[in-house]
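Now for the letters of each chain:
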Amino acid sequence: MPIRINITSIFVDDQAKALAFYTEKLGFVPKNDVPLGPHRWLTVVGPGEPDGTELLLEPDEHPAAKAYQRALVEDGIPATSFAVDDVAAFVRELEAKGVTVTQPATEMGPVVVATIDDTCGNLIQLTSPA
Amino acid sequence: MGDIFRALADPTRRQILDELTIRDGLTLFEICGRLMMLHGVVSSRQAISQHLAVLEEAGLVHTRRVGRTKIHELNTAPLREIIDRWPITP
Numbered sequence: 812m813p814i815r816i817n818i819t820s821i822f823v824d825d826q827a828k829a830l831a832f833y834t835e836k837l838g839f840v841p842k843n844d845v846p847l848g849p850h851r852w853l854t855v856v857g858p859g860e861p862d863g864t865e866l867l868l869e870p871d872e873h874p875a876a877k878a879y880q881r882a883l884v885e886d887g888i889p890a891t892s893f894a895v896d897d898v899a900a901f902v903r904e905l906e907a908k909g910v911t912v913t914q915p916a917t918e919m920g921p922v923v924v925a926t927i928d929d930t931c932g933n934l935i936q937l938t939s940p941a
Numbered sequence: 071m072g073d074i075f076r077a078l079a080d081p082t083r084r085q086i087l088d089e090l091t092i093r094d095g096l097t098l099f100e101i102c103g104r105l106m107m108l109h110g111v112v113s114s115r116q117a118i119s120q121h122l123a124v125l126e127e128a129g130l131v132h133t134r135r136v137g138r139t140k141i142h143e144l145n146t147a148p149l150r151e152i153i154d155r156w157p158i159t160p
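Protein chains in written order, with the working numbering: chain B, 812 to 941; chain X, 71 to 160.
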């Protein structure tokens with residue numbers, strides 16, 4: 812069995828808030844939610860992909876994590892990137908839900924990209940084919 | 071205030087100004103992305119950051135914060151120095 816990517820993670824400042832944002836605004840689906848000391852092992856998956864790569868909503872309590880997030884946000888660098896079918900349409904829906912779009916849908920060669928604020932300390936890039 | 075002539079003498083810096091003319095208010099990440107994806111510029115993020123510092127020193131680029139993000143805006147006012155010095159005859 813070859814190696815595979817089963818999980819990827821993003822630092823968040825508040826797990827409950829992150830779960831709400833990532834499910835209600837972005838449309839991810841809760842997968843694992845296991846109490847783990849003061850925090851939770853909290854993951855979501857893409858809709859229609861229950862066995863797909865999990866996104867771990869990881870507490871940013873380490874001071875270096877916060878500094879890392881701040882430095883990325885200052886320069887406008889997304890913490891990670893997700894794929895959608897149509898960035899422009901997706902971003903319109905997000906704006907209607909009150910999400911802050913920091914970079915409107917922009918064609919960049921073979922892809923269309925946009926950047927949003929996840930309210931948990933990160934910028935998130937969205938991409939779709941041009 | 072830095073020298074606008076020196077600031078304008080570099081092709082990458084002129085390209086940054088071109089990109090800000092097309093869409094004003096870009097982050098460092100967006101500027102790097104546009105230069106790389108649209109113009110094949112291979113400079114590092116650090117190099118672009120230094121170019122921006124030169125442009126800012128010359129007054130051609132201003133920065134401000136939107137939330138926690140720093141954005142760069144074009145300011146063409148210093149270019150007036152050129153036509154003031156060498157007026158364009160009608």
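Be aware that a few hints might be false.
[What the hints assert, rightly or not] Sample of chain B residues with no beta-carbon within 12 Å of chain X, all distances over it, derived: (1) Gly863; (2) Leu883; (3) Asp897.
[Claimed, not checked] Ranges between beta-carbon positions, derived for each pair: (4) Gly137/X <-> Pro813/B: 26 to 36 Å; (5) Glu872/B <-> Asp80/X: 42 to 52 Å; (6) Ala894/B <-> Ser114/X: 48 to 58 Å; (7) Leu867/B <-> Gly137/X: 24 to 34 Å; (8) Ala900/B <-> Arg76/X: 39 to 49 Å; (9) Pro157/X <-> Ala894/B: 28 to 38 Å; (10) Pro849/B <-> Ala79/X: 34 to 44 Å; (11) Met919/B <-> Gly137/X: 21 to 31 Å; (12) Asp844/B <-> Arg115/X: 30 to 40 Å; (13) Arg138/X <-> Ala831/B: 15 to 25 Å.
If you are wondering where the hints come from, they were derived from the structure by calculation, not from laboratory data.
Where a beta carbon is used, it is the ideal one built from N, C-alpha and C, also for glycine.
The hints, checked one at a time:
The Cβ of Gly863/B sits about 27 Å from the closest Cβ of chain X, beyond the 12 Å cut-off, so the non-interface label holds. Annotated as non-interface, Leu883/B brings its C-beta within 12 Å of a C-beta of chain X; the closest such distance is 8 Å. With a least CB separation of 19 Å from chain X, Asp897/B remains clear of the 12 Å interface cut-off, as annotated. Checked against the hint of 26 to 36 Å, the C-beta distance between Gly137/X and Pro813/B comes to roughly 42 Å, which is inconsistent with it.
Roughly 43 Å separates the CB atoms of Glu872/B and Asp80/X, a value that falls within the hinted 42 to 52 Å. For the pair Ala894/B and Ser114/X, the supplied restraint of 48 to 58 Å is violated, since their beta-carbon distance comes to about 27 Å. Taken as a hint, the range 24 to 34 Å holds for the pair Leu867/B and Gly137/X, whose Cβ atoms sit roughly 25 Å apart. The supplied range of 39 to 49 Å is met by Ala900/B and Arg76/X, whose beta-carbon atoms lie about 45 Å from each other.
One distance hint, 28 to 38 Å for the beta-carbon pair Pro157/X and Ala894/B, is violated here, with the actual separation near 54 Å. Pro849/B and Ala79/X have their C-beta atoms about 56 Å apart, which leaves the hinted 34 to 44 Å range violated. Look at Met919/B against Gly137/X: about 23 Å separates their beta carbons, and that is inside 21 to 31 Å. Taking the beta carbon of each, Asp844/B and Arg115/X are about 37 Å apart, inside 30 to 40 Å as hinted.
Separated by about 21 Å at the C-beta atoms, Arg138/X and Ala831/B satisfy the suggested range of 15 to 25 Å.
Checked against the numbered hints listed earlier, the structure breaks hints 2, 4, 6, 9 and 10; every other hint is satisfied.
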